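**Student:** The chain contents come next:
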Amino acid sequence: MSTPTEVPNKTALTTLREFPSNVWNSIFRNPLPSTDLERASTSFTNFFLHIHPVKVNKNTLRPVYTLGLGLISLFLFLILIATGVLLMFYYVPSTTQAYDRMLDLRGTVAFGIFLRNMHRWSAHGMVAIVFLHMCRVFFTGAYKKPREFNWVLGVLLLLVTLFLSFTGYLLPWDQLAFWAITVGTSIAGYAPLIGRQVQFVLLGDTTVGQEALLRFYVLHVAVLPALLVLLIAVHFWRIRKDGGLSRPEKAATPAPEAGVVKLKKVYGLQGFVRGPFTKVGNVPDDSVYSWPNLLMAELFVFVLTVSLILVVSLAFNAPLEQPVNVMHPPNPAKAPWYFLGLQELVSYSAFWGGIGIPGLMVALLFLVPYIDRTTHGVGRWFARERLLANTIFLTLVILNVIFIAIGTFFRGPNWTFVSPF
Amino acid sequence: MTGATGSRDRHLPTGEPNLPRRRVLTWLSSFGLFASVVLAAVSDWFFFKPRVTYGPRSRFAIGKPDDFPPGTRISRDVERVCIVRESDRIAAISTTCTHLGCIVGIADTGFACPCHGSHYDQDGNVTSGPAPKPLPWFQVTLAPNGEIEVDKNSQVEPGTYFTV
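Protein chains in written order, with our numbering: chain A, 1 to 421; chain B, 1 to 164.
Simulated from the structure, these hints should not be mistaken for laboratory data. Keep in mind that this is a model prediction, so the values were computed, not measured. Hints should not be assumed to be uniformly reliable.
Residues from chain B shown here face chain A by an in silico Cβ test under 7 Å; the list is partial [as the list claims (entries may be wrong)]:
| no. | residue |
| --- | --- |
| 1 | F48 |
| 2 | K49 |
| 3 | D77 |
| 4 | H99 |
| 5 | I103 |
| 6 | A107 |
| 7 | C115 |
We put the beta carbon where it would ideally sit given N, CA and C, even for glycine.
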């Protein structure tokens, strides 16, 4: 019965009995792993898992090093795609209907208000977490050679994230939306030479209206998400090519020389891979298998992120102000918190606050890995050797936070100074 | 097959045959690719710049002169102008803040912007705040049917009134 020659003689009953396992085995190329070889195989024979290396450095898994911030950003983006696509089924980008649709989400659509809450809070969260991720990369010196370009991609990702949230909050067509976009696009108008033209093209008109709503909608649901997905793909690919997931350079306990060199292992195509991570058989082995170690860590972060968003969305409703009243701007007219630092700067000088200083900051961010060419202090938080760089960066971060705090809590009607206490 | 002359080196340093036709094709295709990118960028710009807009009209009638008795200062927020009538003179001052485009409100001292705190005097000159320019004044004319017409496309010197 067990010899291969008898296979054609199998009865229909056997075929039926083996049907589930045959289907399973045709999808997953190997059983749930019980040996190291199978653990390796699980990672590289699965389309979704082969983004991971077969093995990762133990230090990668230290939660207090990366804090999982990049991963949380990705998961928030996935939540945003899922909830965003669902919201699209009920939304109409029209100045006469958009606000009513918001009320419908609140009143009639099953789970409508909950989806909108999830979308809104995830968007706020993503802006914050992407920013914190950038801070983590800076304070651990993780942008240094050979990861310079991935830092640049990261800055681009931050900008696209901000622009996504900017285009997103016009869509409810409430007072906040209308006046924030009026202010925001006027800032673009201050750019030298092409400013007015850019403002006109962005709005599709001289004032914020139907054309602007349609343009921002298309940018928000199609153009920018596609761009973000592309950038994320390259960002992740570069992590692998630039030396793997970021980690402390050495473990607290140095790896023993014992577990060295087993040349008998053959790992197929891995032999072709050059660069810093052909570790197998060549270096002291302080790595662990991605399945299940890395995967479990990621799953934990995912569950944590989703749970947090769910709880927040149950507890707090996303704000919806009065419908647009072109005659009466709310006083004060405030942007969402992450743009309030910018709005505070803008209240001193439109050009310097809206174009000059932010432009300079973004340019500096792009250039960080090309200005700081030192190689020391990589992989440790606030390394002593990087005192100067970290101090400068921390100062700018704190300044940003201070401006945001002033804009949020200390500005009242006509943008005059008020005390929140 | 190759028609290369003997005086030319038939092989590149990499060992590949040095074919003029292949080089020409490479140059042509590279140029084609570059040109199509430039063309796409330029035409996209014109595509995204609308030739027709659907927003509020820039030239509009606001009513008979008698609708605005002397001493009136009325802010018309749809058209974003403030109509000022002093004795027999009428003017139209923009109520779009020159800072970032919010609508300025009428205040005791002139105009005040709710967004970033710019203040203007009665004639639209900046008295405080981040606004970089005074509020523009628009041309006011009398249409044949006796209504006052404001043209936001043509600005006039501040202080220019239309005598009815």
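**Student:** Identify every previously stated hint that the structure contradicts and give their numbers, smallest first.
**Tutor:** Per hint list: single violation, 6.
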